[in-house]
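**Q** From just these sequences and the hints, can you work out the full model?
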Amino acid sequence: MPDTLLQPSLPGIALRRWRVLHRVKQSHAAELFKVTQSTISRWESGVQAMDPEAHRQLETLLSARLDSAADQALARLVTESARPVHLVCDLTHRLLACSPARAAQFASPLSDLLGQSLWRFATAEIQHKESLLDDTGWREVQAPPALEFLTGSNDSARVPIQPSLCRWTRIALSDGTAARLVETL
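Residue 144 in full-length UniProt numbering sits at position 144 of the sequence shown; the count goes up by one each step and never skips.
The set of hints was computed from the structure by calculation and includes no laboratory data. Do not rely on the hints blindly, as some may be mistaken.
[Claimed, not checked] Derived DEER-like restraints, expressed as beta-carbon distance ranges:
1. Ala49 - Asp135: 15 to 23 Å
2. Ala82 - Ala157: 18 to 26 Å
3. Leu150 - Gln72: 30 to 38 Å
[Claimed, not checked] EDC-like, lysine to aspartate or glutamate: derived pairs with alpha carbons at most 20 Å apart:
4. Lys34 - Glu53
5. Lys25 - Glu44
6. Lys25 - Asp175
Bear in mind the structure is a predicted one, so any value in this text is a computation, not a measurement. Every residue, glycine too, gets a C-beta built ideally from N, C-alpha and C.
**A** Listed below in structure tokens is the structure:
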């Protein structure tokens, strides 16, 4: 996958969803992105592609953060779980929280991985499943409750992935961003 994780067709759709959710007018979004209102309109309609800097800025806006008390409670549930689970940003795959059972599988200290994208450790099977998410309606309001698949394995000693059954559950956070609970079954 590329450094930016939004598919080429998604930035405009994602920008529109963010604006609607946060009640931001196109004119205000134009100020944030330092472009004209008509450029925002063209991005949202898919007529014009976002430049790389605007793309990065949008990803920053959409990245999951555990700011609210409810989101922090979710993180505590993950970090106190006896099962091998972790929570990542659904968009960037940044590690947000991790159970001790999952952290025990890592060769790196958890503190080195928190806040970092785990995407570089993804297996071919995980990458393939990720590429199909938009077709499943994963990012829609009525997203599937969870997806299960076989992970395959990677060659990483730092964050090893052994062949197993994995479940992804998309969770909307308080600010409208999404996190993904990753469970080994």
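**Q** Determine for every hint whether it applies to the structure shown.
**A** Verification of the supplied hints:
no.: 1; hint: Ala49 - Asp135: 15 to 23 Å; verdict: holds, 21 Å
no.: 2; hint: Ala82 - Ala157: 18 to 26 Å; verdict: holds, 25 Å
no.: 3; hint: Leu150 - Gln72: 30 to 38 Å; verdict: holds, 32 Å
no.: 4; hint: Lys34 - Glu53; verdict: holds, 11 Å
no.: 5; hint: Lys25 - Glu44; verdict: holds, 12 Å
no.: 6; hint: Lys25 - Asp175; verdict: holds, 18 Å
Of the hints listed earlier, there is not a single one the structure fails to meet.
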